[in-house]
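Residue numbers (my numbering), protein chains in the order written: chain A, 1 to 265; chain B, 1 to 294.
It is worth saying that the hints were derived from the structure and are not from the lab.
Note that the structure is a prediction, hence the values are computed from the model and not measured.
Idealized CB from N, CA, C, for every residue including glycine.
Treat the hints with care, as some may be off.
What the hints assert, rightly or not - Covered stretches of chain A, going by a simulated chain B footprint (3 or more residues, C-beta under 8 Å):
hint	region
1	93-103
2	109-116
3	249-263
As the list claims (entries may be wrong) - These stretches of chain B come out as covered by chain A in the derived footprint (C-beta under 8 Å, 3 or more residues):
hint	region
4	60-74
5	77-83
6	88-99
7	194-208
8	227-235
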Amino acid sequence: MNIFIHELKSARKPTIIWICSMVAISLLFLSIYPGIYNDAETFKKTLASFPDAVKKALGLSIDNVTTLLGFYSFFFMYIMLCGAVQGMNLGLGILSKETRDKTADFLLTKPVSRKQIMTAKLMSALVSLIVTNIVFTAISFIIASAVKQASFSAKIFVMVSLTLFFIQLMLAALGIFISVAARKIRSVLPVSLATVFGFFVISMIGSILGDKAVRYITPFKYFDNAYIIKNASYETVFLVIEFIFIATAITASYIIYSRKDIHAV
Amino acid sequence: MDVIEIKNLTKNYGKSRGIIDVSFNVEEGEIFGFIGPNGAGKSTTIRTLLSLISPSSGSAKIFGKDCREFGPEIKKEIGYLPSEVFYYDKMKVIDLLNYSASFYKKDCSKRIKELAEIMDLDLKKRIDDLSFGNKKKVGIVQGLLHDPKLIILDEPTSGLDPLMQQKFFDLLREENIKGTTILFSSHILSEVQKMCSRVAIIKEGRIIKLEKMSTLKDNNYKKFKIEIDTSIDKNYFKIKGVNNLSVKDNVITFLFKGNINEIMKKISSVDIANLYIEEPDLEEIFMHYYEKEG
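Full structure from sequences and hints, please.
Rendered as structure tokens:
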């Protein structure tokens, strides 16, 4: 419990910063929404004049981009990008920072098992992500309600927002796995930026080529907002894949971490 | 009872050497010295005891329990002070110490205050504002605050000024009198000499000597320094029992272990200008082991 609280305290600042940046993006886009709604025809025409590849890469579906949910899911891509970096940072950093800051000797000579340490850290990461998502979604929902031009489904709004959480969970799990598998991670941000943008580029290329297989490779493609808006549900197969991925990565991380040699500084 | 039992402990780091077939026991209530030059394998042995690294083969037990299997349980009663201390920079000293205490499920606040006072440590400062020596003090308080039954010290004195070293040694002796066992690793022989009752000497990953401090310093060893006026054959004193022989200009020095009469006879047949016979310090005995084994 003490490790958990210690971790939460040290995660407080970055979590607040991430929430603020994501809320800022949300606010920025939502604040121009009334203008777009009122000038829907011009906006659609402008978008329609974009080359096909660009439209696909941006994930635009012109028909409903001027509805609030359509617009929200259009710019939500940038929120996801941001949130994905947060998730990956959190996962990569939570164990590796002890090695980097050379505090591993302190923590690991205390009467706690590696499993307990891992669990405490996982829980604190989970709590930061949950808090991030609740606060972000709540504030975005309030802004959206303020700028709406017609009523929209709160359920679908929340469902679209929740995909942020799913992607963060996945990247956090991946981050933890990489951090225990690697001998030492000197700096977290380059690794997480490279991974996240790597996935992002793959997903853009996949969209342009219309390749179905790409959907399984990059987490950014696991949740198709157009599908969610249309069916008010997630695609089960991707939820299952995500669950299996996370379970595998976390289990493997537990096993590797409990056997890992902690070298002298 | 043996507090630490190390049996045939071996650790390979890929191709590079770690430790090879290290075995020794530390008895309850003793201060055990563990000496060797840097890179000899002292830290590797200690890190294995603390299950920071896992051995390639062999076993280590503390309080009769396997280090790896019962790690968390054993560590309740261990205080560890590494050579270089690193803590969470943004924390205040007192918060760090309280965090450390929170692992032991007992009230340590009184002991923290006591120790901080002895070591003259400001509890309100932030860790990253502390000098190296002051961080070391945090390490000392952190290692002792839960009244451990076994204290493991890995080159503990670096960064401490002589006054603080003295206070620290006094503290350790006090703990030892209360029954605490201490494993004291160092490459500085004089401090081991001051503190320890038995020593293990490690070199290139192997234990090369395990002995009582008193035996090591036994009167059997004498340090001879002879000044002569005339020149003599360089190998004149090369007889059984003479070690570390050096002949420089007119000064001859060596360590001698054996029948003192034999060496006196040898000396008496040379025309000498001056003669010094001294107790060797541990360092010289130690160097002797190194040269002989190497």
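A quick look at each hint next to the structure:
1. Counting residues of the region 93-103 of chain A whose C-beta sits closer than 8 Å to any C-beta of chain B gives 3, which meets the bar of three, so the coverage hint holds.
2. Residues of the region 109-116 of chain A lying with their CB closer than 8 Å to a CB of chain B number 6, which satisfies the three-residue condition for coverage.
3. Coverage of the region 249-263 of chain A by chain B holds in this model, with 4 residues showing a Cβ closer than 8 Å to a Cβ of that chain against a need of three.
4. With 4 residues carrying a beta carbon less than 8 Å from a beta carbon of chain A, the region 60-74 of chain B meets the three-residue requirement, and the given coverage holds.
5. Given as covered by chain A, the region 77-83 of chain B passes the check, having 3 residues with a CB less than 8 Å from a CB of that chain where 3 are the minimum.
6. Residue count for the region 88-99 of chain B with a Cβ under 8 Å from a Cβ of chain A: 4. That meets the three needed, and the coverage hint holds.
7. Judged by the Cβ-Cβ criterion of 8 Å, the region 194-208 of chain B is not covered by chain A as claimed, because only 0 of its residues qualify and three are needed.
8. Three residues within the 8 Å Cβ limit are the bar, and the region 227-235 of chain B against chain A gives 0, so the coverage statement is violated.
Violation of the numbered hints given earlier is confined to hints 7, 8; the remaining hints are satisfied by the structure.
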